[in-house]
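> In my numbering, the protein residues as written are 2 to 335.
A hint or two may mislead.
[Said to hold, decoys possible] Below 30 Å or equal to it, Euclidean Cα-Cα: the simulated DSS-like pairs (lysine-lysine) are: (1) K43 with K157; (2) K217 with K305; (3) K305 with K92; (4) K175 with K305; (5) K43 with K217.
[To be verified] DEER-style ranges, computed between Cβ atoms: (6) A307 with R100: 42 to 52 Å; (7) A291 with P103: 18 to 28 Å; (8) E212 with H324: 14 to 24 Å; (9) F303 with S172: 21 to 31 Å; (10) A297 with K175: 21 to 31 Å.
Keep in mind that the hints were calculated from the coordinates and are not lab data. We put the beta carbon where it would ideally sit given N, CA and C, even for glycine.
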Amino acid sequence: MNGFDKEPWGCGHSKAQPCPNKHPPYSYVPQSETAPYFAMAKQYVLADQMYASNFDASSFISHQYIIAAQAESAVDYPFGAWGCPGGGPDKIGIVGPQRQIPDGHERVCWDPTTLGDELDAAGISWAYYAVSYGSMPGLWSAYQAIQHIYYGPDWKNDVISPPSQVLTDISAGKLRSVVWVTPTWQNSDHAGSASKTGPSWVTSVVNAIGESPYWKSSAIFVMWDDYGGWYDPQPPAYVDYDGLGFRLPLLIISPYAEAGHVSHVHYEHGSILRFVEDAFGLGRLSASDARANSPADDAFDFYKPARKFVPFTAPFGRRYFLHQRPDFHAPDLQ
Numbered sequence: 002m003n004g005f006d007k008e009p010w011g012c013g014h015s016k017a018q019p020c021p022n023k024h025p026p027y028s029y030v031p032q033s034e035t036a037p038y039f040a041m042a043k044q045y046v047l048a049d050q051m052y053a054s055n056f057d058a059s060s061f062i063s064h065q066y067i068i069a070a071q072a073e074s075a076v077d078y079p080f081g082a083w084g085c086p087g088g089g090p091d092k093i094g095i096v097g098p099q100r101q102i103p104d105g106h107e108r109v110c111w112d113p114t115t116l117g118d119e120l121d122a123a124g125i126s127w128a129y130y131a132v133s134y135g136s137m138p139g140l141w142s143a144y145q146a147i148q149h150i151y152y153g154p155d156w157k158n159d160v161i162s163p164p165s166q167v168l169t170d171i172s173a174g175k176l177r178s179v180v181w182v183t184p185t186w187q188n189s190d191h192a193g194s195a196s197k198t199g200p201s202w203v204t205s206v207v208n209a210i211g212e213s214p215y216w217k218s219s220a221i222f223v224m225w226d227d228y229g230g231w232y233d234p235q236p237p238a239y240v241d242y243d244g245l246g247f248r249l250p251l252l253i254i255s256p257y258a259e260a261g262h263v264s265h266v267h268y269e270h271g272s273i274l275r276f277v278e279d280a281f282g283l284g285r286l287s288a289s290d291a292r293a294n295s296p297a298d299d300a301f302d303f304y305k306p307a308r309k310f311v312p313f314t315a316p317f318g319r320r321y322f323l324h325q326r327p328d329f330h331a332p333d334l335q
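Modelling step: build the complete structure from the supplied sequences, incorporating the hints.
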């Protein structure tokens, strides 16, 4: 990483606008703005060796890994709409066996087996909460790139919008067995959003589960899709032609999670899928979940009695998000 502060990118060089800060590579979020995350880490588990499964670690690729443990050897971002609605012209680069980039291109509408498919086959309910998807690129709705999901009944039955519907479903006793919850741009902690609501949004979901009957049998994984485009002194391991990528934060919250534990076990996106697969007796999807460590052994103690949930405090609560104006910003176009 020596010399990273001299890389011309985005601002500050001869053909770009001036940077808003004198030293843009040196930035951080004040702890006062992320207090709920620190509170969760102190009460439950913080994993400090969580890595992106793909070396690119971009949002689009990472969202594919968290549903399918792979991304069809894709790298970078699609040309247009992030998925099947983009049609034939919407393609993405392919990474070659020696990490050649791009080593050709492919259409962004593929057909791998996903965790949702395995859950369907096992009769286990699931849902993916996301912003309503259209033709706009840059939105986080991973299943729009899975052909048989997007054009099949799962798209209507199991992909749910808006994300705040999860709060209503929890209180109504309609939460599925396995759920993914992706935020709107405003509530995402995404760089450039100028919004402080991300930690409150996560808190509202965690509190809703914690104060419901679902708590006694839940495991919550709070994670970020990529490293944010900044820097990290910890180099990722070279495990295959497209992994691993930079470290990501990971919080693990459950009545059976270790209290105040910092885990140094190496995890990746595939670790979350492996945990779910092991819990429900499902098979492996790809190299990522096959090689990944499951958090079950290190982050949990299932022999202890379930811990009582103590709600977290945050500046914005459940009511705020239920009445928040719709946000259709595409995070990765900002």
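> Evaluate each hint against the coordinates.
Against the structure, the hints come out as follows:
no.: 1; hint: K43 with K157; result: violated (39 Å)
no.: 2; hint: K217 with K305; result: holds (12 Å)
no.: 3; hint: K305 with K92; result: violated (50 Å)
no.: 4; hint: K175 with K305; result: holds (28 Å)
no.: 5; hint: K43 with K217; result: holds (20 Å)
no.: 6; hint: A307 with R100: 42 to 52 Å; result: holds (45 Å)
no.: 7; hint: A291 with P103: 18 to 28 Å; result: holds (26 Å)
no.: 8; hint: E212 with H324: 14 to 24 Å; result: holds (19 Å)
no.: 9; hint: F303 with S172: 21 to 31 Å; result: holds (27 Å)
no.: 10; hint: A297 with K175: 21 to 31 Å; result: holds (27 Å)
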